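Enquirer: Numbering (our numbering), first residue to last: 112 to 447.
For the record, the hints were derived by calculation from the structure and aren't laboratory data. Among the hints, erroneous ones may be present.
Said to hold, decoys possible - Listed next, with one range per pair, are the computed distances between beta-carbon atoms: (1) S335 with F174: 18 to 28 Å; (2) Q361 with E271: 13 to 23 Å; (3) G142 with E271: 36 to 46 Å; (4) D336 with E144: 22 to 32 Å; (5) P425 with Q262: 16 to 26 Å; (6) G167 with K137: 15 to 25 Å; (7) D431 with Q280: 18 to 28 Å; (8) A141 with I194: 39 to 49 Å; (9) R415 with S335: 17 to 27 Å.
Claimed, not checked - Calculated cross-link-like contacts (lysine-lysine; reagent style PhoX-like; alpha-carbon spacing at most 20 Å): (10) K120 with K172; (11) K295 with K195; (12) K195 with K321; (13) K137 with K172; (14) K172 with K140.
Just so we're clear, the structure is a prediction, and the values are computed from it rather than from any experiment. We put the beta carbon where it would ideally sit given N, CA and C, even for glycine.
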Amino acid sequence: MIMNVEQSKQLSLPDILARLGHQPVKEAKAGRELWFRSPFREEAEPSFHASIGRAGFWIWKDFGDEGGTVIDFVMRYQGYTQIKDALSFLNAMYQPSLFSSMPSRHKPKAIPKPEAPSLFSFHQQKDREAVENFSENRQLEFLGAGPIQSQAILNYLIRERHIPVELVQRYLQEVRYRNTANGKEYFAFGMANQSNGFEIRVASSRYSFKSALKARDITIIPGSDPNSQDVSVFEGMTDFLSLLAMQERQSLPGHAIIMHSLSSYRRAADAIQSAGYTHVKTYLDNNRPGQEGTEKFKAEFGSRVFSQSETFAPYTDLNDALKAYQAQKNAVGFKK
């Protein structure tokens, strides 16, 4: 059963936030109003407000940005422009059976504890690996990381994302973890960050889901020139790898910062300031969140910032550009 807009309104926004790794800082009115630190940026004081609206549904207001319904939140958080994409994301997050037994929207829990998450299976694959689609690391126990051996993950990265296997094995790892709620073990692909944690992603073309194990942080990758004063900033790990693939190189001359989330802006900015980089290239998405992120860097670092987003327009991100680039190369090769 596929979720529709009306069903999405009945979902608990606090539960969605918890599955994405965000917990309330304070509550009021017996849990009908909750305050969070904004999931869209790093901040010391909570400015993200979730409450039960007059219609009985969860709504939100971010006092540094905007507000809306559950669908509006997912579209803002994921950078979607289509409602259908937000519905697909939510449908993958929850079991389909949820909608036939959903509790009344007029009876929210004070601070809901995340339920055991649903699983995503890779159909028609021998190993049928499963990766859980929730991110609060207090419910995930890190077990270890090593070279990627899963054929399902390799197929996704190489065939669907068009990332060369050399780059996959050089920069990414297969990360194993346990869901302490059910005792089961799972694995995903990920990249180590600056806090000795791992940013992981589901190997799925159906929806985009990111999580963190042990600790959430940015990743800084040194360039081939250790004395370089240049740094390139990427939102995600596949953006970084896509640029390397298009440039047919194993590393950048300058350094790279992978934010893993636009909400990590402050950490990325602090790293740039601390290192004293004089030339900052930003490769953020060609959508509203990406443009807003670029403007933040420009506002803080001024003439040191050089946006590269136009270099891969009209595509939304670098991976979309890479896939188009590979398709064009293959077409030319076929004609020859």
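Enquirer: Please go over all the hints and tell whether each is borne out by the structure.
Expert: Hints and how they fare:
no. : hint                       : in the structure
1   : S335 with F174: 18 to 28 Å : violated (43 Å)
2   : Q361 with E271: 13 to 23 Å : holds (22 Å)
3   : G142 with E271: 36 to 46 Å : holds (41 Å)
4   : D336 with E144: 22 to 32 Å : violated (52 Å)
5   : P425 with Q262: 16 to 26 Å : violated (34 Å)
6   : G167 with K137: 15 to 25 Å : holds (22 Å)
7   : D431 with Q280: 18 to 28 Å : holds (23 Å)
8   : A141 with I194: 39 to 49 Å : violated (32 Å)
9   : R415 with S335: 17 to 27 Å : holds (21 Å)
10  : K120 with K172             : holds (15 Å)
11  : K295 with K195             : violated (31 Å)
12  : K195 with K321             : holds (19 Å)
13  : K137 with K172             : holds (15 Å)
14  : K172 with K140             : holds (17 Å)
Going down the numbered hints, you'll see the structure goes against 1, 4, 5, 8 and 11, while the others check out.
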